[in-house]
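K.L.:
The chain contents come next:
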Amino acid sequence: MKVLTTNFLKCSVKACDVSNDNFPLQYEGAKCQLVQNENIEFNPEFMLNILERVEWDAVVRVVSELGNAGLPTTKPELPADADQLSEEDIIILRDLHTLLIQTSITEGEMKCRNCGHIYFIKNSIPNLLLPPHLA
Amino acid sequence: MKEYLLYMAQVHLNFRRAELESLADLGGISLDFASYDPESPFWVVQLESDDQARALVKRSILTKAVFEYWGSGPDYESLHRDVQSRPGYDERRIRVAQDSFKFEFENYHGKHKRDMSEKIRIIDGFQYLGLEGTIDLKKPKQMYTIIEEYGRINSQETTDEPLRLRFGRHVQTSDRSAMDLLDLKKRPYCGTTSFEAELSLVTANIAQVKPGTLMYDPFAGTGSFLVAGGHYGALVVGSDIDGRMIRGKGANANISANFKKYGMEGRFLDVLTMDFTHNSLRTGLPIDTIVCDPPYGIRESIKILGARDPEKFEGKEKVMIDGRPSYLNRDYIPTKKPYSLDALLDDLLQFACERLPLGGRLAFWMPTANGENLETVIPLHGNLELKYHCTQEFNKWARRLLVYINRGPNYHGPTNTGVKRSSKAFRDHYFSNANR
Ligand SMILES: C[S@@+](CC[C@H](N)C(=O)[O-])C[C@H]1O[C@@H](n2cnc3c(N)ncnc32)[C@H](O)[C@@H]1O
Ligand SMILES: [Zn+2]
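Those protein sequences? They're chains A and B, same order as listed.
When you line the first sequence up against the numbering used here, it's residues 1 to 135, in that order.
When you line the second sequence up against the numbering used here, it's residues 136 to 571, in that order.
Hint data in this document are derived by calculation from the structure and do not stem from the laboratory.
We put the beta carbon where it would ideally sit given N, CA and C, even for glycine.
Some hints could be false.
[Claimed, not checked] Covered stretches of chain A (in silico footprint by chain B; criterion: 3 or more residues with CB under 8 Å from a CB of chain B, positions within the stretch not fixed): (1) 8 to 22; (2) 27 to 41; (3) 68 to 74; (4) 109 to 122.
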C-alpha cells in the first residue's frame with residue numbers, strides 16, 4: 001500500500017464518521033515494513049494534480065508515525081501550471097514522489113483513533129473488512 | 136470550418152456515437168450529429184482545424200482514423216473531378232504541396248488486394264495535385280489515403296470493383312491499437328471476471344477519464360477497468376470484498392504486474408480489500424470518475440459485511456485468542472451476508488453523487504436480463520443524469536453500459552431508488568444463487 005493511500009483511508013466503521021478521529025488512521029511505525037520502488041517514474045504534472053487531493057496535515061502526521069519527521073508543517077506552495085515550476089519546486093515534487101508514490105507499506109497495522117479497531121496490511125494490500133459487530 | 140472524414144470501426148455500433156460525443160465534449164469540440172449514420176463506417180464532419188481533429192480521434196477506440204476530406208466518387212474519374220472541384224481545393228493542396236509524402240490504400244469490405252503496379256497506376260492518376268515534395272515511405276510528412284469501399288453481394292462475396300472511393304490527407308490515427316497492447320491474452324494477471332480490453336477502453340472514454348485525475352473501481356476484481364483508466368492517465372484505485380481476486384497469483388501475476396508490463400506503475404495507486412458498502416475512502420476525497428462492473432448475482436453472489444444470522448454471532452466479539460480479541464487476528468476472516476442488486480446499485484448511485492464533482496461521470500455495466508431472461512430496470516437517482524445506455528448483444532444474453540453525470544442537488548431528475556426494481560422472480564433467482 002502506497003504511502004499516498006494513507007491519505008485516502010478512514011475507518012470503515014460507519015459510526016466513526018461522526019468523529020473527527022477516524023482519519024487518518026494511526027500507523028505504528030515499528031510494526032510497518034516499508035519498501036521503495038525506484039522504478040516508478042516521476043511526472044511533475046501528475047504529482048501536482050495529486051497534491052491537490054492531499055490533506056497535508058494527515059501526510060505530516062502519518063509520515064512522522066512512520067519515522068520521518070522532516071516534513072514542513074504547511075503544504076508547499078506550488079504553481080498550478082507545471083510549466084511554471086521552478087527548479088526548487090521540482091526538487092520538492094520529486095521528494096514527495098519518492099515519499100508518497102515510491103514508498104509502500106508491505107506489512108503493517110493501522111488503527112482507528114476513534115473506535116480503536118485495527119486493520120492489517122498484508123502483502124501490500126490493506127484489509128478494511130469488519131467483523132459483524134462493527135459492520 | 137473544414138471538412139474531415141472519420142473512418143470508424145464496424146463494431147459495437149451502439150457505442151460509437153457515445154464514445155465520439157464524449158471525446159468531443161472532453162476536447163471542447165462541437166460536433167453536429169445530424170448527418171451521422173449509425174450503420175456506416177464513414178462520416179464527414181465539420182471541424183475547425185487539424186488540431187481539433189487530432190483531439191477528437193487521438194484516444195478513440197471505435198474510430199480508426201481521421202482525414203482532411205478531399206473528395207469522393209463512385210469511380211476514379213469522378214473522384215478526381217470531385218477532388219478538383221470541391222471548395223478550398225487549391226488552399227488544401229498548396230499548403231502541403233512541398234511536404235514529403237506517400238500514398239496509402241485502405242480497403243473496406245473488399246477482398247481484392249491491389250498489387251504494386253495497380254497501385255502505381257492509381258497514384259499516377261493524382262498527378263494533377265502537383266505534389267512537389269519527395270516521396271518518403273518511412274517518415275512522410277503527409278500521408279494521402281485512398282479508401283476503397285467495396286459492396287457486399289452476400290455474406291461471402293464482395294464486388295470486384297469498389298463502389299465508392301474516398302480520398303483525404305491523413306491527420307490522426309486513433310488509439311485502436313491499444314486494444315492489442317492491452318489484450319487480455321497477453322496480460323500477466325487476468326481471470327474469469329476480466330473485462331475485454333476494447334470495451335473497457337471504450338468505457339473509460341465514455342466516462343471521460345482524464346489524465347492526472349482520480350478514478351475508482353469499487354468492484355475491481357482483476358483490475359480490468361483500472362488498466363483502462365491508467366491507460367488514459369488517471370491515478371486509479373480499486374476495491375473488492377474478495378481479497379483473493381485483487382491479490383492475484385504472486386508478484387508476477389497480479390494487478391501491479393499488469394501495470395508494470397504496460398509501463399504505468401506510477402498510475403496504479405492501490406487495490407483495497409474492502410466492502411463497497413462499508414467504504415473507507417475518506418469523505419471529502421474528490422473522486423473524478425467511477426467505472427465498474429458490479430456483481431450481478433448471476434455468476435458471483437452479492438455479499439456485504441455482516442452476519443446473515445446475527446444470533447449465531449452474538450458475543451463472538453468477546454472470543455479471545457492469545458490475549459487478543461479473535462477479530463483482531465491478522466488472519467481473521469469476517470462473515471458476510473447476501474445483499475440485493477437493487478440495494479447495491481442504489482448505494483453505488485448515492486456514493487457517486489456524494490463523491491463525484493459536478494459533471495463527473497459514473498459508468499457501470501449491468502445485464503439487461505438475468506439468467507432466466509427477466510428484464511432488469513435501469514436504476515435512476517434524482518441528482519444523476521442518465522447520459523447513455525448502450526447495449527452489447529451476445530447470443531444468449533445482453534449487457535448494457537450505463538453512464539451517468541453528476542448534476543448535483545439542484546437537479547431533480549426521475550428517480551427509482553429505494554424501490555424494488557427487479558421483478559420478484561429475478562430477486563428470488565439471485566437470492567437463491569447467493570445462498571448456494
Ligand atoms: C463482475 S466482477 C468485476 C470484475 C472486474 N471488472 C475484473 O476486471 O475482474 C464483480 C466483483 O465485485 C466483487 N464484489 C462483490 N460484492 C462486493 C462488495 N460488497 N464490495 C466490493 N466488491 C464486491 C466480487 O468479488 C467481484 O470481484
Ligand atoms: Zn473507527
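K.L.:
Each hint needs a verdict: does it hold in this structure or not?
P.N.:
Hints versus structure:
By the rule of at least three residues with a Cβ nearer than 8 Å to a Cβ of chain B, the coverage given for the segment 8 to 22 of chain A holds, with 8 such residues. Counting residues of the segment 27 to 41 of chain A whose beta carbon lies closer than 8 Å to any beta carbon of chain B gives 4, which reaches the threshold of three, so the coverage claim holds. Only residues whose beta carbon comes within less than 8 Å of a beta carbon in chain B count, and the segment 68 to 74 of chain A has 0; fewer than three means the coverage is violated. Given as covered by chain B, the segment 109 to 122 of chain A passes the check, having 4 residues with a CB less than 8 Å from a CB of that chain where 3 are the minimum.
Going through the hint list in order, the structure does not satisfy hint 3, though it satisfies all others.
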